[in-house]
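From just these sequences and the hints, can you work out the full model?
Residue numbers (the numbering used here), protein chains in the order written: chain A, 1 to 253; chain B, 1 to 217.
You may find that some hints are simply not true.
Claimed, not checked - Partial chain A-side listing against chain B, Cβ under 7 angstroms, derived:
#1 N54
#2 R86
#3 L111
The hints are simulated quantities; they were obtained by calculation from the structure and are not laboratory data.
Don't be surprised by glycine CBs; every beta carbon is placed ideally from N, CA and C.
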Amino acid sequence: MASDHIISARDVKRRYMMGEEVVWALAGVDLDVHRGEYLSIMGPSGSGKSTLFNMIGGLDRPTEGTVIMDGHDVRKMDLRQIAYLRCHKVGFIFQTFNLIQVMTAEQNVMLPMTFAGVSDEEASRRAREILERVGLGKRYDHRPGQLSGGQQQRVAIARSMANDPDIILADEPTGNLDLKTGEEIINMLAMFRDEFGKTIISATHDHKMLAASDRVVYLVDGKITEIKQRHELKIEQGGIADKKAETKLSGRQ
Amino acid sequence: MREMEQIIILPYRKVLQIAWQGMRIRLLKTFLVTSCIALALAFLTFIMCSNGMVEQLGERASEQLQQRLAREGLLEQLLSTEQRSQTAWMLGIALMISFAGIVNAMLISVTERFREIGTMKCLGGLDSFIVKLYLAESLFQGTVGTTIGIVVGVVLAYVEGLNRFGSEAFQLLPIVTLVQILVISFVAGVVLTVLGALYPAWSAAKMEPVDAMRSEV
Ligand SMILES: Nc1ncnc2c1ncn2[C@@H]1O[C@H](COP(=O)(O)OP(=O)(O)O)[C@@H](O)[C@H]1O
Ligand SMILES: [Mg+2]
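See the structure below:
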């Protein structure tokens, strides 16, 4: 098995029953994720991004097909192995932040380390270090309710990094944020790829959030319709902002 | 294929620490839930104690008290069959209120945290951790709430007894009966609280994390 594929999904299907009606949220997805890449999953609402996200991260099991993570078949794992995977191998980021409301920023970041058996002193030291990295060094003692959306998402990013996982999975991480804050979040994820070689997988329906991607997977009705490399993406990004930047550049020449 | 490693099991001390922290920060809610348990138990113990006193009137009350009550027409009324069936009704209602009140309070307090349970599972929390967390929390709330409720209920029953029967109220209820009432109330209060919390916590814990996080309340 090629070791540069940190995740391999083969013919992954997920069925939901809506009463009598059968909905295939994923209708057979094949996907290889390279170690250290920033992969975006792009698709309209209801296309199956979250479902794929859940399959990849071991938050749900496929109806059919296999997900191999780091050489392990997710479907064959028992509860304690799945918990180990969620704790050590993957860091999750959600659209709605999902911080524990009764815990401070520091305690939120410490929680996965507690689950991993790290001592309080060590966990606290490391939590503050990561919070510093995401620009919240002074906010470690604040609870989610005392932080803005962007700050909460940065705490969530810090938490996802707690046990130094190989993979960071983000499901519409910018969905509840304004454009500028969203871009900051995306840049922060890209920083973790560049500096620590993390594999980033991020679902989005917003073209403006693709800028940092190495590859984009397009999902429609539970099927991958297209995979684009970074250089193909550049041409695609015909947003108004990009056009302006281009004319400015060419004007200067 | 090499074996995947397993997550460690958290020591109890750690679980208690997390449970305690949660209850402290959620002070108002902890207080409300505990009061709800206390209220239900106060009602239940009050009814049981005051029924117990009335039942003993014929045997343990002094001649004077019996005569006074008879003169006021109270004795006949208290020991009449209608009164007895009414008493049984009251006890039944007290039991039902305690049951519904406590189970409902715990159910709400846990289901509104389903998302938190799902999130904890995403971070590597085991089902057993979730169950232990809510076991610790509900044991604490159940014990404190039940104890307060029982004390209030017994005190109120004796206040009422003093009012109706004078100082003889203290000798009406045999010690054995009183102890029985205390034990039954305590066990009922704690068990109801713990089961009311554990049932939803356990069902959330064994869900896949996505399902737990999706169920909004
Ligand atoms: N728990 C569920 N029960 C029933 N249908 C679901 C459930 N979760 C997702 N679906 C359906 O699966 C499809 C894909 O959903 P989802 O993966 O959430 O899409 P996206 O994240 O791209 O918006 C949708 O049609 C949705 O209605
Ligand atoms: Mg989604």
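How the hints compare with the structure:
Taking 7 angstroms as the C-beta cut-off, the interface hint given for N54 of chain A holds, the closest approach to chain B being about 5 angstroms. Using the Cβ-Cβ criterion of 7 angstroms, the hint placing R86 of chain A at the interface with chain B is satisfied: the shortest such distance is roughly 5 angstroms. Taken as an interface hint, L111 of chain A checks out: its beta carbon lies about 6 angstroms from the nearest beta carbon of chain B, inside 7 angstroms.
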